[in-house]
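**Q** Quick note, the sequences are listed as chains E and A, same order.
Heads up, the first sequence is in this note's numbering, so the first residue is 1 and it goes up one at a time.
Heads up, the second sequence is in this note's numbering, so the first residue is 1 and it goes up one at a time.
Treat the hints as calculated values from the structure; they're not laboratory data.
Calculated cross-link-like contacts (lysine-lysine; reagent style DSS-like; alpha-carbon spacing at most 30 angstroms):
#1 K68(E) with K77(A)
#2 K120(A) with K68(E)
#3 K137(A) with K90(A)
#4 K137(A) with K77(A)
#5 K77(A) with K90(A)
#6 K120(A) with K137(A)
#7 K68(E) with K137(A)
#8 K57(E) with K68(E)
#9 K77(A) with K120(A)
#10 K90(A) with K68(E)
Quick caveat: nothing in here was measured; it's all calculated off a predicted structure.
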Amino acid sequence: MKNPQLTNRAHLATTGPMDRNERGKRWPTRRGASALGLLVGGTMALGGCISVNAPDKPIVIELNINIKQEVVYRLAADAGNTIQDNPDIF
Amino acid sequence: MMPLREQTRRKPAMLLAGAAVLAALTLAAPASAQQRDPAYAAARANGQVGEGADGYLGFPAAPSPEIRHMAEDINIKRRAVYADKAEAQKATIDDYAFTAGCLAIQRTAPGEKYEGPDGKWYTRTAAPPLLDSRCPKGAPPAQ
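The whole structure should be built from the sequences, with the hints applied where relevant.
**A** Listed below in structure tokens is the structure:
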């Protein structure tokens with residue numbers, strides 16, 4: 001496969017298919033790839049403009065208003081008739 | 001209702017007269033022959049009474065005893081109508097009154113007073129009135 005004596009202090013000129021986890025490898029290993037991913041992800045996080053802050057007040061949903069509005073819409077036509085039918089008090 | 005009954009017990013003739021008037025009014029109602037009482041119409045035009053946001057007449061300024069009595073009388077009649085109609089619609093009296101108030105404010109004439117969503121009294125102009133956000137939107141009902 002390889003003969004250290006031939007290359008001595010230099011790295012191997014070629015990397016065999018089975019030798020990718022050894023020093024002097026030519027192709028990135030899985031560890032190298034994940035490091036690269038971290039770097040890219042970190043850059044995007046720093047460069048992105050979206051920042052989400054937790055609200056300091058409790059989130060209140062005003063359900064009563066929605067319910068009342070629905071009722072008012074339902075009653076509008078009838079109330080209009082009522083007003084027209086009672087012109088002495090409206 | 002109790003004072004009325006006591007009053008009528010003392011004056012049976014008034015009861016008959018009252019019943020006759022009531023019957024006449026009831027018969028006349030479907031024909032929509034009723035109109036505003038002149039005193040009521042004048043009080044509206046003068047701004048002595050205004051349409052409240054709650055569906056009842058209110059007083060933009062402190063009223064005279066006569067005006068107060070007249071408006072409260074109308075409000076009692078309105079409440080009776082609201083109660084009747086609200087029951088038929090399976091709604092609360094207050095919700096029905098509020099809806100009618102929205103519509104009543106919309107059909108105020110320029111110069112009349114109405115209560116805005118902030119509780120203050122405004123004079124109606126040719127522009128649309130200030131309405132509560134819960135009021136139904138769309139074309140105001142015909143006069």
